[in-house]
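Generate the whole structure from the sequences, applying the supplied hints.
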Amino acid sequence: MSEILPLIRKEYLISLANEGKREDGRALDEYRSLDIRANVVDKAEGSALVSLGGTMVFAGVKVDAGEPYPDTPDDGVMITGAELIPMAAPDFEAGPPGEEAVEVARVVDRGIRESKALDTKALCVRENELVRLVFVDLHVMDYDGNLIDACGVAAMTALATSQMPVLDENDKPTEEKLPLPVRDLAVPCTFVKLGNSLLVDPSLDEERALDSRITVATDQEHHVCAMQKSNIGGFSLDEIKHAVRIATVKGEEIRAAIREAIK
Amino acid sequence: MERVDGRRFDELRPIKIEAGVLKRADGSCYIEWGRNKIYAAVYGPKKVLPRHLEKDDRAILRCRYNMAPFSVEERKRPGPDRRAVEIGKVMQGALEPAILVHYYPKSMIEISVEVVQANAGTRCAGITAVSVALADAGIPMRDLVPACAAGKVDGQIILDLAKEEDNLGEADMPVAIIPRLNQITLLQMDGKLAEQEVEQAVALAMQGCQQVYQMQIDALRKKYAGAEYE
Chain S
1 MSEILPLIRK EYLISLANEG KREDGRALDE YRSLDIRANV VDKAEGSALV
51 SLGGTMVFAG VKVDAGEPYP DTPDDGVMIT GAELIPMAAP DFEAGPPGEE
101 AVEVARVVDR GIRESKALDT KALCVRENEL VRLVFVDLHV MDYDGNLIDA
151 CGVAAMTALA TSQMPVLDEN DKPTEEKLPL PVRDLAVPCT FVKLGNSLLV
201 DPSLDEERAL DSRITVATDQ EHHVCAMQKS NIGGFSLDEI KHAVRIATVK
251 GEEIRAAIRE AIK
Chain G
264 MERVDGRRFD ELRPIKIEAG VLKRADGSCY IEWGRNKIYA AVYGPKKVLP
314 RHLEKDDRAI LRCRYNMAPF SVEERKRPGP DRRAVEIGKV MQGALEPAIL
364 VHYYPKSMIE ISVEVVQANA GTRCAGITAV SVALADAGIP MRDLVPACAA
414 GKVDGQIILD LAKEEDNLGE ADMPVAIIPR LNQITLLQMD GKLAEQEVEQ
464 AVALAMQGCQ QVYQMQIDAL RKKYAGAEYE
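Chains as they are written, first to last, in our numbering: chain S, 1 to 263; chain G, 264 to 493.
Don't read these hints as lab results, they were simulated from the structure. Quick caveat: nothing in here was measured; it's all calculated off a predicted structure. Careful: at least some of the hints might be erroneous.
Below, a list of computed lysine to any residue pairs in the SDA-like style, where the Cα atoms sit at most 20 angstroms apart [to be verified]:
| hint | chain 1 | residue 1 | chain 2 | residue 2 |
| --- | --- | --- | --- | --- |
| 1 | S | 121 | G | 352 |
| 2 | G | 426 | S | 72 |
| 3 | S | 10 | G | 318 |
| 4 | G | 352 | S | 122 |
| 5 | G | 318 | G | 404 |
| 6 | G | 279 | G | 488 |
| 7 | S | 116 | G | 417 |
| 8 | G | 286 | G | 473 |
| 9 | G | 318 | S | 120 |
| 10 | G | 352 | S | 95 |
| 11 | G | 318 | S | 207 |
| 12 | G | 455 | S | 255 |
| 13 | G | 352 | S | 207 |
| 14 | G | 300 | G | 346 |
| 15 | S | 263 | S | 37 |
| 16 | S | 121 | S | 167 |
| 17 | G | 455 | G | 473 |
| 18 | G | 369 | S | 7 |
| 19 | G | 339 | G | 272 |
| 20 | S | 177 | S | 165 |
| 21 | G | 279 | G | 473 |
| 22 | G | 309 | G | 373 |
| 23 | S | 10 | S | 27 |
| 24 | G | 339 | S | 70 |
| 25 | S | 241 | G | 309 |
| 26 | G | 455 | S | 177 |
| 27 | G | 279 | G | 425 |
| 28 | G | 352 | S | 92 |
| 29 | G | 352 | S | 182 |
| 30 | S | 116 | S | 83 |
| 31 | G | 485 | G | 352 |
| 32 | G | 318 | S | 4 |
| 33 | S | 121 | G | 455 |
| 34 | S | 116 | G | 457 |
| 35 | S | 62 | S | 77 |
| 36 | G | 300 | G | 429 |
| 37 | S | 177 | S | 119 |
Spelled out as structure tokens, the structure:
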């Protein structure tokens, strides 16, 4: 019985979308208000607080030093994690990250990694021996839909403002700081499919009603650097072409907002 | 362009699919795709455990993707890592749209993929095999779900990247489709592609899926053509 109400909501959201409308009055290709604040946590090497509509996410960067992976001996390491803590939604549970959290972290990570936004070669201290480890932790405080985009923007902003401590001759961190080698701004752009329409930046209700979701990450040269179709349901080739087109345009708007926040 | 194993740009690796290879599972499949060796098993529809996952109006799907510790160059620590969790999730997304889950309310279909030898493209081979195993289990479906990747190597968009190509390539994009509905139900990409190249790669991967689809049908025919009811 508990599943009747969501079905009625879904029918309603689909009928709106078919007329090109959304419940909150946005256009199908319009983001909610995006607020980015950089350097909000003193203890972190870099941080950001991003609000996208009612979704609120902290990203914090910590930099350490350690061994490289054997297959990339001269590359620094970036590790991205996401926690959907119980504070953020009534159905989020404590404990190790579930599927949803793992997917958010991996899609955000992939966009940044594949765009080479973080120059990992510049994070090598001594090949095969010591490289810098960059931990990006995403802390979701309030879940109102579209975690991937909010987390992606937060992670990119936090990295772009990070200052890592320089190591001394004994590989111990000193007071001296250098910016992380960030060369690009990669951002994800997420759509849900409702009926036959693609809606950018889904709200919580739109996300709950979705048949399927697709994320397209772009870099500042307008290359697509990561894609992920998620959830049940499918897309036609034309819908994917449409998503890539819109993601390229929206990516530029989001990058402009990040640049403004970090200048 | 010469590929590492001499294939044409739009040529798949050799694929062998066999339906019904495990005794205990309700449905199963073994696939060899290039040097990948993968088993898929289906149990159910069965009682939902844990109970709170139960849905009043349909069956739920649980997908587990696992790699044997000896399946890759460097021993993989046993148990699910984050990559495996993500693959399980996207596999479910790829397969469920094809299954008539509303035929089996309050039940669960358990799917597992075990990779015993990995050589690039295991999720596509896994989805292809699971779909055959679902048919072997007699689960009602709208269609089979074939999967295949396309990617970019040396500036060229090519089909079904081998391990060496994936390692050096500029992009990799696994795709699964429901042929009868012409719907894409798995799409991931990592690397760098221009807008035009995305379109080209998806279209090429879809062609690859059509070839894989025929092999799935052939495998099921081979097992069931002329079979008598038990």
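For each hint, the structure was consulted:
Between the alpha carbons of residue 121/S and residue 352/G the distance comes to roughly 32 angstroms, so the proposed pair goes past 20 angstroms and is violated. Proximity of residue 426/G to residue 72/S is assessed by CA-CA distance (about 16 angstroms); at most 20 angstroms being required, the pair is judged to hold. With a C-alpha separation of about 17 angstroms, the suggested pair residue 10/S and residue 318/G falls inside the 20 angstroms cut-off, and the hint holds. Our distance criterion of 20 angstroms between C-alpha atoms is broken by residue 352/G and residue 122/S, whose separation comes to about 34 angstroms.
With a CA separation close to 19 angstroms, the supplied pair residue 318/G and residue 404/G stays within the 20 angstroms bound. Annotation: proposed proximity of residue 279/G to residue 488/G holds, straight-line Cα distance about 18 angstroms (limit 20 angstroms). With a CA separation close to 18 angstroms, the supplied pair residue 116/S and residue 417/G stays within the 20 angstroms bound. Distance hint between residue 286/G and residue 473/G is unfulfilled; the C-alpha atoms sit about 29 angstroms from each other, more than 20 angstroms.
Pair hint residue 318/G plus residue 120/S does not hold up; C-alpha atoms about 45 angstroms apart against a cutoff of 20 angstroms. Taking the CA atoms of residue 352/G and residue 95/S, the gap is near 19 angstroms; set against the 20 angstroms cutoff, the hint holds. As the CA atoms of residue 318/G and residue 207/S are separated by approximately 19 angstroms, the hinted pair is consistent with the 20 angstroms bound. A hinted pair counts as satisfied when its Cα atoms are at most 20 angstroms apart, and residue 455/G with residue 255/S qualifies at roughly 18 angstroms.
At roughly 17 angstroms between alpha-carbon atoms, residue 352/G and residue 207/S fall within 20 angstroms of each other, so this suggested pair holds. This hinted pair checks out: residue 300/G and residue 346/G have alpha carbons roughly 19 angstroms apart, not beyond 20 angstroms. For the suggested pair residue 263/S and residue 37/S, the alpha carbons sit about 11 angstroms apart, so the restraint of at most 20 angstroms is met. For the hint linking residue 121/S to residue 167/S, the alpha-carbon distance of about 16 angstroms falls within 20 angstroms, and the restraint holds.
Proximity of residue 455/G to residue 473/G is assessed by CA-CA distance (about 25 angstroms); at most 20 angstroms being required, the pair is judged violated. With a CA separation close to 18 angstroms, the supplied pair residue 369/G and residue 7/S stays within the 20 angstroms bound. At most 20 angstroms may separate the alpha-carbon atoms for a hinted pair to count; residue 339/G and residue 272/G exceed this at roughly 31 angstroms. The straight-line distance between the Cα atoms of residue 177/S and residue 165/S is roughly 4 angstroms, inside the 20 angstroms bound, and the hint therefore holds.
A threshold of 20 angstroms between alpha carbons decides the hint, and for residue 279/G with residue 473/G the separation of about 15 angstroms falls inside it, so the pair holds. This hinted pair checks out: residue 309/G and residue 373/G have alpha carbons roughly 8 angstroms apart, not beyond 20 angstroms. For the proposed pair residue 10/S and residue 27/S, the alpha carbon gap of about 18 angstroms is at most 20 angstroms, so the pair holds. The suggested pairing of residue 339/G with residue 70/S holds, with an alpha-carbon distance near 14 angstroms, which does not exceed 20 angstroms.
The hinted pair formed by residue 241/S and residue 309/G fails the criterion: a straight-line CA distance of about 39 angstroms is larger than 20 angstroms. For the suggested pair residue 455/G and residue 177/S, the alpha carbons sit about 32 angstroms apart, so the restraint of at most 20 angstroms is broken. For the suggested pair residue 279/G and residue 425/G, the alpha carbons sit about 16 angstroms apart, so the restraint of at most 20 angstroms is met. As the CA atoms of residue 352/G and residue 92/S are separated by approximately 18 angstroms, the hinted pair is consistent with the 20 angstroms bound.
For the suggested pair residue 352/G and residue 182/S, the alpha carbons sit about 31 angstroms apart, so the restraint of at most 20 angstroms is broken. Distance hint between residue 116/S and residue 83/S is unfulfilled; the C-alpha atoms sit about 24 angstroms from each other, more than 20 angstroms. Proposed proximity of residue 485/G and residue 352/G is contradicted: the alpha carbons are some 31 angstroms apart, above 20 angstroms. Only pairs whose Cα atoms come within 20 angstroms are accepted, and residue 318/G paired with residue 4/S is accepted, the gap being roughly 12 angstroms.
Between residue 121/S and residue 455/G, the direct Cα distance comes to roughly 18 angstroms. Compliance with the 20 angstroms bound is thereby established for this hinted pair. About 15 angstroms separates the Cα atoms of residue 116/S and residue 457/G, which keeps this hinted pair within 20 angstroms; it holds. Distance restraint check for residue 62/S and residue 77/S: the Cα-Cα separation of roughly 12 angstroms lies within the 20 angstroms cut-off, and the hinted pair is therefore satisfied. Under the criterion of a C-alpha separation no larger than 20 angstroms, the hint pairing residue 300/G with residue 429/G is consistent with the structure, at around 18 angstroms.
A distance of roughly 17 angstroms separates the Cα atoms of residue 177/S and residue 119/S; the hinted pair therefore holds under the 20 angstroms criterion.
Checked against the numbered hints given earlier, the structure breaks hints 1, 4, 8, 9, 17, 19, 25, 26, 29, 30 and 31 and satisfies all the rest.
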